[in-house]
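Asker: Please model the entire structure based on the sequences and the hints provided.
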Amino acid sequence: MYKLIPLPVILPLVAAFLIAIVGKRFKRLAKILSVLVFLSTAVLSYWYMVAGNQETMLYKIGGWEPINDIPIGVYMLLDPFSGFMLCIINTIALLSTVYSVNYITKFTGVNYFYTLLSIMVAGLNGVVLAGDLFNLYVFLEITVISSYALVAFGTDKEELEASLKYQVLGGIATSLILFSIGMIYWYTKTLNMMDITRVLHASGDVKLIQFCQLMLIAGFGLKAAIMPFHGWLPDAHSSAPSPISAMLSGVVIKAAGLYVIFRLFFNMFELNFEISVLITAIGTLSMVVGVFLAIGQWDLKRLLAYHSISQMGYVIIGVGMGMIILSRQGSLAAASLAITGGLFHLVNHAVFKGLLFLNAGAIEYRLGTRDLKKMGGLAEKMPLTAATSLGASMAISGIPPFNGFFSKLIIIIAAIQARFYILAALAVLVSIITLASFMKFQRYAFFNGKISASRVNISEVPPFMAFSMTIMALLCLALSLLLIPDLREHVLQPAVDILTGRNAYFINLLNK
Amino acid sequence: MIVYILCFILFLVGLFGVLTSRNIIKIIIGLTFLEISINLFLVLIGYVEGGQIPILVKGSENLHFVDPLPQALVLTSIVIGLSTNAMLLAVAIRIYKKFKTFDIRKIRSLKG
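Chains as they are written, first to last, in the numbering used here: chain A, 1 to 512; chain B, 513 to 624.
Because the hints were derived from the structure by calculation, they are not lab data. Take the hints with a grain of salt, since some may be wrong.
Said to hold, decoys possible - Using C-beta positions, here's what the derived DEER-type ranges look like:
#1 D371/A / F528/B: 37 to 47 Å
#2 I32/A / K570/B: 32 to 42 Å
#3 F107/A / V578/B: 42 to 52 Å
Ideal placement from N, C-alpha and C gives every residue a C-beta, glycine not left out.
Answerer: This is the structure we're talking about:
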């Protein structure tokens, strides 16, 4: 197992270059190879979750052992939290690749699509496995540069404009991140995350590091599109091809934005009350404002994109409450419950938002429009799309027995236990507004009146697309089983323990 | 100290360019300024007063080197900057073909 840690990065990279070089010779190579690669990385990550005993493993690239206890090589870190993220990334990647086997036929340049998608997944896997700051930055750039290209894949007016906006804001975020990494290196003279933790722990509270923390929140906040930095998200996520929207909304904003924020602020930096309050406050802001922006939208994918901002708010307030409780030296159980809720909502959101974007893609594939006003009566013609999207809509708006209900419930219970009554009330309110806007989606897309004469002979989507949507809809139901204590202990709790272990976890890792 | 301040001024110039220009090409130039200032900053923090090139030569006695790590970082970050710039310019060219302008006030098909 130990030697297999770099594989989730290497395999997609190999696939990407193979497809780019010999893809033209062999017609089906791109599709078959990328599906096989994502299948194997997904199986690897499940294997770690099930059979790997979920122990923490450090992989030293090139075998450079530490000298005088100071790490000198490049480290990769696989622990339950990164394993949990790996599972999400590779599952969604696999399902969207299977989906795009049919969907991509309406574009030209199929090989480029699969190349870019493979590079994006390699970068994402690298971000969650990186053990030092600079490699994290490099993998982050690999991810976002390929997603810039994928957003512009349609090369139409809207796609190009969205991609430009994404690139300019992403460029600013990149500069902020690299600048603060430089500052941290200046102060600590090391880039290894565990070593940085040790140096920072020894030096106590420093103004320079607080400045770096703010820069990092701004930088990764731009990548994660939390509220003051959300400008690019609705354009980019609605203009990309639908499987890519599912990847961007389901995985990229989590792995490249939120994962890094949680990892750095829980494990690397000393937890700090002001920063925790700041993170929770922007989480609340994006939760509330995102849903109000979403409800007025008539473009289906744009509506879903705004809901991504709002649902990310739930994840952030869940984990942020845990942060506040821990930094106030509150009870560990309450913090643990709040973080469990946040991470549970993170995996749920990946599944149901991915499914909703795939549904939107299915409708666009058959109808050629994303405008809700031009749809209607599709429930008879596309029963599978209607059924799966009904499930996903119920999951996102928090209706039992779908997974979204349980994660929101845990977050609200945790908020009440920790006496954040206003947050609990806002979470319920936002959930109700979410329900309203998804009732609008269901009514206008599937039930509103008769189908127009020009669309009498549309039919259900092709088999591969149907397969992906069905699996995701089943996952929406199955993930609510994570509430069962035995399963939760095995899947969510190890990841939560890593976060509640704070920086002591990283310091102990190096001394092992 | 003065070099760090100049470097930070360069960063601010880049940020100002990105935030205030209306022309896509000027925005891209602003982003390049941001990149360059950060690369400069990274090289500066590795500088040691009176340090030498960090290459071990047989028989050399002076082990007073500048920090080699930031130099390696800068090489990587220059490569990343190159690919971002190439991507940005490619999109800018496609935008010019579609809209016949570089003015971002006239490129507004997305809203809401």
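Asker: Could you check the structure against the hints above and give me the numbers of any it violates, in ascending order?
Answerer: 2
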